[in-house]
Amino acid sequence: MKTLAPIVAVIAVLAAVPFVVQSNATLNFLVVSLMVALAGQGWNILGGYGGQYSFGHAAFFGTGAYVTCILQVRYGVNAWVGFGAGIAAGAALGGVIGALAFRSGLRGSYFALVTLAFAEVLRIIASVAPITGAGVGTLIKLDLGAQTFQFQSRAVFYWVILGLVGVSLVIARLIERSRFGVWLIAVRENEDAAEALGVNARSVKSVAMIISGAVTAAAGCFYAQYFLFVDSGIAYGTWISIEALLTPIIGGVGTVFGPLLGALVVKSLGEGAKLVTGDVPGLDLILYGAVLVLVIWVAPGGLIGGLAQLRKRLMRGATRAAASTQGAGHG
Amino acid sequence: MAEPLLAVDRITHRFGGLVAVNCASLSAMEGRITALIGPNGAGKTTLFSIISGFLKASEGTVRYAGKDITGEPAHRLARRGIARTFQIVQPFAGLSVRENILVGAHLRHRARNTALAAAEQIGRGVGLSDLLDRPADTLTVAGRKRLELARALAIEPKLLLLDEVLAGLNPSEIRDIVPVIRGLCSRGTTIVMIEHVMQAVMSLAEHVFVLAEGSVIAQGTPAQVAADPVVIEAYLGHGAAAKLGTSHGR
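Protein chains in written order, with the numbering used here: chain A, 1061 to 1391; chain B, 13 to 262.
Some clues are possibly wrong.
[To be verified] Computed from the model, here is a short list of chain A residues facing chain B with C-beta under 8 Å: (1) ARG1237; (2) ILE1245; (3) ASN1260.
Calculated directly from the structure, the hints in this document are not laboratory data. C-beta: ideal position from N, C-alpha, C; glycine also.
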């Protein structure tokens, strides 16, 4: 239980926000940030802990979003069931892509390219297939109610996405503390050495990909319920692939809180830039790129890694200072 | 005579047109230390990689504990109890020494607490007590070799394949680690070691196989192979044994 205490504390603090902040615009900003944090946590489980850098997590986000939408709109399935099915579909897709990519032994940039290709192929299919509404997209009919997973109040949506983020934090923490997590990190550090110690690298990576796909798909499912509209450019667009990898890398790759911190920072910067310059298209992307370069340059471990380094340096400085004063005293 | 724990039978391995291992056979008796020596490029590491499942042999079979294990993947062989170290050490650079050993310890201990306890005990056993919380990439060469050994031991192997764990160590470091290896053997672990440090081979191994240009050219006790003219020629070149013999004669 001790290991989960920081997560409980962070979620409790964030849960109080709607009591303080009433502005719809602010809540909307936080909801979207948390949604990106959730997608980023999915990426982090595979990329951060497992070292398998995906450029195509839109494949999972979009699949979650579309499955939720299509089941409700075309088959009259309950929204909550649709939500669960969307997550399951993300997990299944993770299993399929993982099996194909890892069976062929794709590593590094080849793996990244394959995931990118999957996302693009899915985007193209979604933009022409009748079942997804092709170019028009799919609209979920407005029908407020707890049963339809549609809420008038932004605060309720905020608590829903915060709950999902909380679950994703717990998942990441449990992975960290488990044998599976130790093996996943070992595969990231050195696949051959891990194999020599009895780690079945392919199956470990595949399981990570399934969990990763499910978590990122949950963000997509939430998107569909929150905005009630999905088209191929949103669901399978590169924007979400980029944000899903940007948030953990900036926040702290392979750490529990990295994606959450990264999402809040990245999204705040994006909004801040918009406030200053107005709605110049693409400016947020330029800013993201600049921040990414800066973080990789200054603190390759992301903000959390950078803070840890800074603390270590300060502590070392403090002990050295103490030692030198002691030495001076002796002299 | 009892069946050996490891029996490598007429293994051949080709890298494209290059025959790295040519119809090599060797065996390791349970509870003993067997050494594999030979000049650089003889195919020793290739043979280890085949035994431990990192390479698939072109021809031949590997039997372990009475079973044919030819072609089984490395992780499954590790579960069966075959551990190897790497000649070029392969630490999990971003992790601490303790975490490195933990990866191996988890193979036999699912729960984190027992695995951590096992990792710590093994770390102390190879003399890494003071370095357990250091990042693996800050270790010296000697430290890395010990870590390589500790990680392999963490999977509680029956058969331990040591690929030049003494290379790059100074004489005093070698003196420190030789008893560790002997201790493992006395506790029942079967060891096959590739080694260039002949002083260690002579003092540790009971049986020695000599590999040259992919083939086993000699085997026997350390004293026998050291005196074997074929072995001397393999190391020093054609005619060397005769020259050494005549110089001895005078």
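Here's how the hints hold up against the structure:
1. A distance limit of 8 Å between C-beta atoms decides the matter here; for A:ARG1237 the minimum to chain B is near 6 Å, and the interface restraint holds.
2. For A:ILE1245, the suggested interface contact is upheld, since its CB lies about 7 Å from the closest CB of chain B, less than 8 Å.
3. This hint holds: A:ASN1260 has a C-beta 5 Å from the nearest C-beta of chain B, less than the 8 Å allowed.
Hint compliance for this structure: no hint is broken.
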